Structures are given as C-alpha cells and as structure tokens.
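Chemist: Chains as they are written, first to last, in my numbering: chain A, 82 to 433; chain B, 66 to 370; chain C, -4 to 274.
Derived by calculation from the structure, the hints in this document are not laboratory data. If you're wondering where the values come from, they're calculated on a predicted model, not measured in any experiment. Built from N, CA and C at the ideal position, the CB exists for glycine as well. Check the hints yourself; a few may be wrong.
[Said to hold, decoys possible] Short, incomplete list of chain A residues facing chain B, as computed with Cβ under 10 Å:
| id | residue |
| --- | --- |
| 1 | Asp149 |
| 2 | Leu150 |
| 3 | Ser151 |
[Stated by the list, open to error] In silico SDA-like pairs for lysine to any residue, Cα to Cα no more than 20 Å straight-line:
| id | chain 1 | residue 1 | chain 2 | residue 2 |
| --- | --- | --- | --- | --- |
| 4 | A | Lys83 | A | Glu105 |
| 5 | C | Lys171 | B | Val334 |
| 6 | B | Lys369 | B | Lys275 |
| 7 | A | Lys83 | A | Asp143 |
| 8 | B | Lys123 | B | Pro337 |
| 9 | B | Lys178 | C | Gly18 |
| 10 | B | Lys73 | A | Glu105 |
| 11 | B | Lys366 | C | Ile9 |
| 12 | C | Lys156 | C | Asp217 |
| 13 | B | Lys275 | C | Ser82 |
| 14 | B | Lys86 | C | Lys179 |
| 15 | A | Lys415 | A | Arg343 |
| 16 | A | Lys321 | A | Gln394 |
| 17 | B | Lys77 | A | Arg343 |
| 18 | A | Lys348 | A | Glu367 |
| 19 | B | Lys86 | C | Asn104 |
| 20 | B | Lys174 | C | Val10 |
| 21 | C | Lys183 | C | Ser82 |
| 22 | C | Lys103 | A | Ala94 |
| 23 | C | Lys179 | B | Gln79 |
| 24 | A | Lys418 | A | Gly350 |
| 25 | B | Lys174 | C | Lys156 |
| 26 | A | Lys418 | A | Arg431 |
| 27 | B | Lys84 | B | Ile100 |
| 28 | A | Lys83 | A | Ser151 |
| 29 | A | Lys321 | A | Arg431 |
| 30 | B | Lys367 | B | Phe351 |
| 31 | B | Lys123 | C | Ser82 |
| 32 | A | Lys390 | A | Arg431 |
| 33 | B | Lys362 | C | Leu111 |
| 34 | C | Lys156 | C | Ala268 |
| 35 | B | Lys174 | C | Ile11 |
| 36 | A | Lys418 | A | Tyr379 |
| 37 | B | Lys178 | C | Thr8 |
| 38 | B | Lys73 | A | Thr136 |
| 39 | B | Lys73 | A | Gly138 |
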Amino acid sequence: MKITLSHITKQFAQTTAVSDFTAEIESGHLIALLGPSGCGKSTMLNMISGILPVTSGQILFDDNDVTDLSANRRGVGLVFQNYALYPHMTVMQNICFPLELQKVAKAERMERAMAMAKLVHVEELIDRKPSQLSGGQQQRVAIARALVKNPNVLLLDEPLSNLDARLRIEMREEIRRIQQETKITTIFVTHDQEEAMSISDKIVLMKLGVLQQMDVPQNLYDSPANCFVADFLGNPPINKTTGVVKDGGIQLDNGPLVHDDRFTNLKDGQRVTLSIRAEAATVTNENGNVDCVVDTTYIMGKESLAYVKLGDQRIRIYIPADHEFGEGSTLHLKLGKRGVFVFDETSGDRLI
Amino acid sequence: MMDIAKIKQQEKRQRLFDKIKPFGYLAPFAIGVTIFTLYPIVNVFMIAFQENYNYITKTYDSIGFDNFAYIFSDPYFIQALQNTFMYVLIVIPISLCLSILIAYLLNQKVKFKGVYQTAYFLPMVTSTLAVGLAWKFMFNYRSGVINYLLNLIGIESINWLQVTTYNFPALCIYGIWSILPFTIILLLSGLQNIDPLYYTAARVDGANEKTIFFRITLPLLKPTIFLVLIINTISVFKVFNELFPLFNGPGVSNNMFTVVYYIFYQFRVRMPGEYGYAAAAAVVLFFIIFIFTMIQKYIEKKAKE
Amino acid sequence: MQTKHKVNISISTIVIYVLLSLGALVMVFPFYWMITGAFKTAVQIQMFPPLWIPTSFALDNFQTALSMAPFATYFMNSVIAMIGCVSCCSFTTILGAFAFSRLDFPGKNIVFGLLLGLMMVPFEMIVITNYRTIIDLGVYNTIFALIVPFTSSIFYMYILKGFFDSVPTSLYYAAKIDGCSDWKYLWKVMVPLAKPSLVTIILLNAIATWNSFLWPMLAVSDPSVRTLPFGLYAFVSEGGAHTELMMAASTMIVVPMIILFMFARKQIVNGVARGGLKG
C-alpha cells in the first residue's frame, strides 16, 4: 500500500504541530519518522492512523482518499509506545480482540492469532496476562495484535523507547524481520537516529512540524539538506564551526583560514557554518587544509578521539592510535571528500 | 479496496452520531440528578423565601424573609442550633483524639491486625438504628450494663434516657462511638502515607518514640487531621438518626431537637407540614455546611501547594 | 543495658496490645450485647448485675419477633430496594463516568464543576422536595419510592470517573483502531478493568441502602413496603416490644452487614479511605 501525504497541516488551539507536510511512502517500505521531541512526528503518525483529524491536506492510501475516514475504516495497525495491551485479557485474547470485533469465526480467529503469535515468537506465552510478560514480549504481542487483521499499513509510535538498551537492539531487528516477512508498509516514529538509520528504508526527518528531508539513511548522512539534518545525524555529533567566506576560503571566527578547492565558488563576505564530521578530517604530513592544535586526546582502542583547536573553536577528530601527539602539538588537517558541509549561517541552507 | 462513496456516507452518519452519543450516555445519570438533586435544591431555596407557601396548591402570598424570621424566633430552632453546635463541639475533638491514638496503635507492628480492624470498623457498616437500640439497652437505668460498670467503680446509676440532663451526654457517647471507625480509617491511611524513612532518620538522630510522635508523625499527619475535622464536622452536623433509637425522637421533653430533626419536624411531624419553615431551616443548614466545605477546599488547596 | 532495653520493648508492646484490645472490646461490645440479648429470656434481660453469657441459644425471641411484625416482608423489601438501588445506580454511574471521562461534549467541564458543587448538598436538605416529588410521581408508599431517588449518584460517578481517567488513553485508541465502538470498549475493556473500583462502589452503595432510615421513613408508611430499619423502628415505637425481641430484630438487620464486612473488609475500608464515606 502506497501512502501519499499531501500538504498536511495540523493546527492545535495555539500551535501548529505539523505544517504543509508532503511526502510519498512507497509500498512495502519501512519508514522512520525521525525528529527531536515535539517535532510533530507522533502527531503525523496519529493523523495517518486516523486518531487525529487533519486541519488541512490529504492522505491517500494507494489512490483512495482516506482523509475523512475514521481510524477503524482505514485498515491500519498501530503499536503504542506503552503497548496498550488490555491488562485483563491473556495474550491470546489480546491478539484475537481485533478479529472478534470484525466478527471473524472463532476457529479462524484462533488460527490467525496463533499464526501471528508464531510470527512474533510469543506462541509459548499465549495464556499469560500482559503483566506477566517482559517489555520486549509485550512489544511482540502488541505487534501481533496490530498485524492480525492484515492491515494495509503498520504504524509504530516510539516502539522501542520503553525497552532497555540491549532489548532495543534485539527488538529493532525483530521489527525489521517481521516487516520483511510480511512486506507491509510500515511507518515508525522514533527520536533515536541510530534506530532510524539501522533498520529503515527511508528516513523522514522533521523539525518543528516541518519536513526537513526524506531520503535513504546514507544519503541523509552524506548529503544533508540543511544544517539541522547534519546536526541531528551522526555520532559523535558533527563539528560545527562558524566563519566568514574570504579569498576562496573560510576565515573561522577567532581562528585560522580554511582552504579548500570547494570553497572557491562561495560569495566573499558571507557568514557561514562549516560543519565537519569527525571522520572527515585526517592528519597529514603534507600541507593540509588547515592547521590545528591538540587540546585533549582519549584513546579508544584502534584510534584516538582528539579535541583539537582551530583558534578558539574546538572540534573532534579521529587520529591513529599509534601516533603520539602531546597537548599543544600542531597538526595539519586534510578535509575528506565526504562529510564536509557549508551552510548559510542564518538560514541553515546547504551551500556546499 | 473499498467503495469510497458509500463509506463517506457512513462516515457522515457516524460523525453526527458521535455528536449526539455522549448525551445518550449521560441521559440516565442526568435525569436522576436533575430531578432528585438539582431541582430539589432550587426548589428548597424558592420555598424558603415564599411566605405562607401552600404545598397542596403550591401557591404563596409573597416573597420575603418571613420563614427565616419565624424559625429564628422559634425556641425549638434555637434549641436545635444550640444542641447541634454543642454536639459538634463535644463529639469532634474527643473522637479525633481517640482516633489518633487508635490509628497510631493500629499502625504499629501488631499481630491480628485483621481482627482488630474488623472490631474497630464494624460500626461503620451497621445500621445506626439497630445498634442504637443496643445502646439504649446498655443505657437502661435499672438493668443497663453501663450503670452496672459505673456502680463497680462507685458511681451511682444514671438515668441516661429518662432524665433530660443526661440525654445529651448519652447521645454524645453513642455519637463518638459511631463516628470512630470512619475517623480511624482516614487517619490510618494518612499514617500509612508517611514514608517510614522519616522515622528511621529521626531514630538515627537519636529521637525517642515520644519525640518522633510529636515532632514527626503529628506534623506530617496535619493535612489529614484537618480534612477529617471538616468532613466529620459536616457529617456530625447532620445528627438525626441517632435520636430515634435512643429517645424515640427529640428526647423525653422535646429537649433534644437538632437542626435536621427540626427540618423533619416542620414538614413531617407537624400536621399539616410547614414546608416554608422546613425549607428555611434547610437553607440555614446548607449555608453552615457550605462554609465548612469552603474551609475544606481551602485547606486541601493549601495542602497541595 | 541490653536486657533493660529488651524489657522496655516488651512493656511497650504489652501496653499497645492492652490498649488496642480494650478499645476493640468497647467497639464490639454493643454487638455482643445485642446478639446475646437476643437469646435471653424476658427475665434474664432485666437481671442486674447483668447476665454476661446467655444460658440458651434457642431462637424463641426471633420467632416471637417474626410473629409480631412482618420482618420477613421487611427483609424482602430491604433486599429488593438494595438490589434495585445498586443495579440502577451502578448502570447510570458507569455510563455517566464514561461520558465524563472519555467522550467530548460541549460544556463538559462546566457541567462537571456544577456536579462537584452539588455533591456537597446535604441529602437532609433536599429530602423536603423529594418527598413531594415522590407523591407527585404517584409512587409514594411503593417500593419504587425507595429506589427512584437513588438511581444516580454524583459521588459514585465521581469516584468511578477518577478510575476511568487513570486508564491510559492509548488503550482507547488501540481499541478504536481495531474497530471497537465506544459501547463495546466500555463493557469489554473499561468495566472489566474497573472491577475493583466497581466492587467498592457497589459495596458502599449496598451498605448505605441497607441501613438507610430517614428516606424509607418518609417515602413509605404501609407495613408491606417498609424496609428493615424503618420496620424495626415502627416495631419499637408502636409499643409492646420487649427488649429481648428488639435485640432479636436488631440482630437480623445487623448480621448480614457483619458477614459482608468480614468478607469484603479490605475493599470497603479502601473505598472509605479513598473517597470518604457519603453521609
């Protein structure tokens, strides 16, 4: 099922939660709706599910306009952050409940529910109550319940945030597996970039209700549309320095001039943000793009993470562990082809 | 996949239905409340100000304060106010002190907690009238067990029920006994909400049990105590049922009027019923309770801050 | 030092037990006296010093009381009134609490605020009008008069709404997405979840109805529709009742509630501690 969102806007009393959101989600894809808290991603998900009505705009499932349909007519499965399992029903009764409401015959109901329980690996737990399950198991049951009615779309609202770190990795792989086995179009909301990067076909990154960029994860990382996208993705976070374009280079504030062939087309005198991923700057013996002074280093096994100073501005880079650079020693840095971006300082628009 | 036009039609109907639906859920509840709570209160306020109200024709002569002027000049009403306030002043503090003591003891590590709780809370679930008759039997002048116990410690038998002077103390004793369970429950739940860490901390600092009780337990229990005071005052103010088993009404010589009994007396005992006077007394009762409720709300708000 | 400390503890423990037991004795004694009184003869009950333990446990007094006044009828009326009040009130309470907790309608908050205000209106005040209303409705002196005014209770609705509010909204939306109607959600999810709260409400309501005295005294007069407390009062005040018969009749009223309390003490006590008792 292809989902088309066109010009979706959601207005609450005072605030605009989502504004003019347009995106197309291909059938069978797993999409991550990513963004910091309060960016409108959950609101967006609730509008797709039909829990919240849109203020304006259109939602299409394939070619059908579902904008005005209530939640139960859209054929969506929804998994909540707190799982929302019915505490007084067993696992089996929970999974069966949607089918019971559709008046599916009991034998078929049990059969389909059992198939779902097997798909999510909870077939041994079907007689337990939710309170007797671990968080991960509850999550699996919630997914089974959402999938049992063969929905057109599976929606997951922060499905992993209530789990501990180890379970989170296990469950996200499970979600990926289940999604690939069922080939269901899936949208999941998360604020964790690593989660989004690792399992989704495409990431939709939002900020303050506005779509920032929608692309495959690697493209988002390698080619961010704006400063916010570059900041949001990557660990450690991207290095941000500020400066002004001068003589085909960038003169950092209270720092050195950074030369690069790519900078020659920039307009002289423009204020810019120069963002450099930690892995994009390498130490070289030849003449590099800029010189820096070592501040502190942390040995991390095969390489070291070093804080180096470009004048007053500090950035993080990786240096080979076998080199010994004392505090205060000067390094030549070479900027790589990937991972170096220039943004307009005020608008955040990508210049290079 | 779906017949959009048809579904849209259904959706439209659904929307309309959703708008009306809440009122369907509310209706059974709202009808009862409107007829038997909302309407009566408006009605009582109206009757209270209608002079010479006739309950058969539902007509009246004029609007004014006649009814209030009457009841405030009626010795029975003045007596009712005096009795009720006296009753509150005696029952509330005594029951509170006893309850704090018992709740404190029940909150200690004691065995047979269930048995003790059952014993202390039983009067709460049993009929005031039936138990009141047992008290009447116990208060009996000649064969009552209370007088027997008094004789044992050298006090002469008291004619609790037939001599007017002793009616009031008898009522108070019974009243205190019957309000204890409720008071103990509230105080006990207040005590259980106090984090035992405070006690441990105080013990580590070298405080003894007495200091802990007066310096830690009581101050932390203060919000609950205030709440109990107000709730009890309101409920004790409505003393009425207790009069029937003990005295068959307002005492041997009409000396035991209370505010609620006065209302009852005006519209039901007197023939024909004086609705105007009853309503005026009810309005007075309402305002007294209203004031206490406002105090309660104020304290609750303060406690939350 | 060590031994002295131990002795101290045991003394304070003894004091606690003595005080608690003494208090418990005072609280229970009237019940003991009532029930044993029901087994004493007319002579024994007049004895001074009193007879502490009855000599026989024959049911003569009960039989006499039952033959002197229609206590079986009173008992049935009490049961009918209790079942009627509790079932009607529970039904309206569940629907009302759901509407206030989950549904949206214009003026919801204002109406709810008004209801909270009405909650403090003393029943003794509105009894005047309700008495007239019952007569106007033509149900005076019928069993309906005992039920109709109590079909809805703001107090119980308020307690149940509090519980409904604590159920996560995601449960509601999960059910909605599965195509669950509000009606089904209420009965299949909310009500089963609210069972402990509902049981408490039902118990408190049942106790209150069983013991109510003022309203039956106003709303009915005929012996065929009297409930137990009013019937007992009539038995006493119409004269001729001996103390031992009074105690037998009182025992009949009190024992069902004592049994109920023994079985459901925790729910009742928790209910009272949470909401305070209406009365």
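Chemist: Each hint needs a verdict: does it hold in this structure or not?
Modeler: Each hint, compared with the structure:
With its C-beta approaching chain B no nearer than about 6 Å, Asp149 of chain A sits inside the 10 Å limit, and its interface hint holds. With a least beta-carbon distance of about 6 Å to chain B, the hint placing Leu150 of chain A at the interface is held under the 10 Å criterion. Residue-level restraint check for Ser151 of chain A holds (minimum Cβ-Cβ distance to chain B is 6 Å; threshold 10 Å). For a cut-off of 20 Å, the pair hint linking Lys83 of chain A to Glu105 of chain A stands: about 7 Å separates their Cα positions.
Between Lys171 of chain C and Val334 of chain B the CA atoms are separated by roughly 57 Å; this puts the pair beyond 20 Å, and the hint is violated. With a C-alpha separation of about 28 Å, the suggested pairing of Lys369 of chain B with Lys275 of chain B is violated against the 20 Å cut-off. For the proposed pair Lys83 of chain A and Asp143 of chain A, the alpha carbon gap of about 5 Å is at most 20 Å, so the pair holds. Under the criterion of a C-alpha separation no larger than 20 Å, the hint pairing Lys123 of chain B with Pro337 of chain B is consistent with the structure, at around 14 Å.
For the given pair, Lys178 of chain B sits about 13 Å from Gly18 of chain C by alpha-carbon distance, which is consistent with the 20 Å threshold. For the proposed pair Lys73 of chain B and Glu105 of chain A, the alpha carbon gap of about 24 Å is over 20 Å, so the pair is violated. Between Lys366 of chain B and Ile9 of chain C, the direct Cα distance comes to roughly 41 Å. Violation of the 20 Å bound is thereby established for this hinted pair. Of the supplied pair hints, the one linking Lys156 of chain C and Asp217 of chain C is violated, its CA atoms being roughly 38 Å apart against a limit of 20 Å.
Restraint check for Lys275 of chain B and Ser82 of chain C: not satisfied, since their Cα atoms lie roughly 50 Å apart, outside the 20 Å limit. Note on Lys86 of chain B and Lys179 of chain C: the hinted pairing holds, with a Cα-Cα distance of about 14 Å set against a maximum of 20 Å. At most 20 Å may separate the alpha-carbon atoms for a hinted pair to count; Lys415 of chain A and Arg343 of chain A meet this at roughly 13 Å. Restraint check for Lys321 of chain A and Gln394 of chain A: satisfied, since their Cα atoms lie roughly 9 Å apart, inside the 20 Å limit.
Straight-line distance between C-alpha atoms of Lys77 of chain B and Arg343 of chain A comes to about 59 Å, which puts the hinted pair past the 20 Å bound. For the given pair, Lys348 of chain A sits about 28 Å from Glu367 of chain A by alpha-carbon distance, which is inconsistent with the 20 Å threshold. For the hint linking Lys86 of chain B to Asn104 of chain C, the alpha-carbon distance of about 17 Å falls within 20 Å, and the restraint holds. A threshold of 20 Å between alpha carbons decides the hint, and for Lys174 of chain B with Val10 of chain C the separation of about 13 Å falls inside it, so the pair holds.
Of the supplied pair hints, the one linking Lys183 of chain C and Ser82 of chain C holds, its CA atoms being roughly 18 Å apart against a limit of 20 Å. Taking the CA atoms of Lys103 of chain C and Ala94 of chain A, the gap is near 18 Å; set against the 20 Å cutoff, the hint holds. Using a Cα cut-off of 20 Å, the hinted pair Lys179 of chain C and Gln79 of chain B holds, with the two alpha carbons roughly 16 Å apart. Distance restraint check for Lys418 of chain A and Gly350 of chain A: the Cα-Cα separation of roughly 24 Å exceeds the 20 Å cut-off, and the hinted pair is therefore not satisfied.
Among the hinted pairs, Lys174 of chain B with Lys156 of chain C is inconsistent with the structure: their alpha-carbon atoms are about 35 Å apart, more than 20 Å. For the hint linking Lys418 of chain A to Arg431 of chain A, the alpha-carbon distance of about 16 Å falls within 20 Å, and the restraint holds. Between the alpha carbons of Lys84 of chain B and Ile100 of chain B the distance comes to roughly 25 Å, so the proposed pair goes past 20 Å and is violated. A distance of roughly 19 Å separates the Cα atoms of Lys83 of chain A and Ser151 of chain A; the hinted pair therefore holds under the 20 Å criterion.
For the hint linking Lys321 of chain A to Arg431 of chain A, the alpha-carbon distance of about 13 Å falls within 20 Å, and the restraint holds. With a C-alpha separation of about 24 Å, the suggested pair Lys367 of chain B and Phe351 of chain B falls outside the 20 Å cut-off, and the hint is violated. The straight-line distance between the Cα atoms of Lys123 of chain B and Ser82 of chain C is roughly 34 Å, outside the 20 Å bound, and the hint therefore fails. With a C-alpha separation of about 24 Å, the suggested pair Lys390 of chain A and Arg431 of chain A falls outside the 20 Å cut-off, and the hint is violated.
The hinted pair formed by Lys362 of chain B and Leu111 of chain C meets the criterion: a straight-line CA distance of about 12 Å does not exceed 20 Å. The suggested pairing of Lys156 of chain C with Ala268 of chain C holds, with an alpha-carbon distance near 17 Å, which does not exceed 20 Å. For the hint linking Lys174 of chain B to Ile11 of chain C, the alpha-carbon distance of about 10 Å falls within 20 Å, and the restraint holds. The hinted pair formed by Lys418 of chain A and Tyr379 of chain A fails the criterion: a straight-line CA distance of about 25 Å is larger than 20 Å.
The suggested pairing of Lys178 of chain B with Thr8 of chain C holds, with an alpha-carbon distance near 14 Å, which does not exceed 20 Å. A C-alpha spacing of about 18 Å is found between Lys73 of chain B and Thr136 of chain A, which places the hinted pair at or below 20 Å, so the restraint holds. Pair hint Lys73 of chain B plus Gly138 of chain A holds up; C-alpha atoms about 17 Å apart against a cutoff of 20 Å.
Figure legend: structure checked against the earlier numbered hints; hints not met, in rising order: 5, 6, 10, 11, 12, 13, 17, 18, 24, 25, 27, 30, 31, 32, 36.
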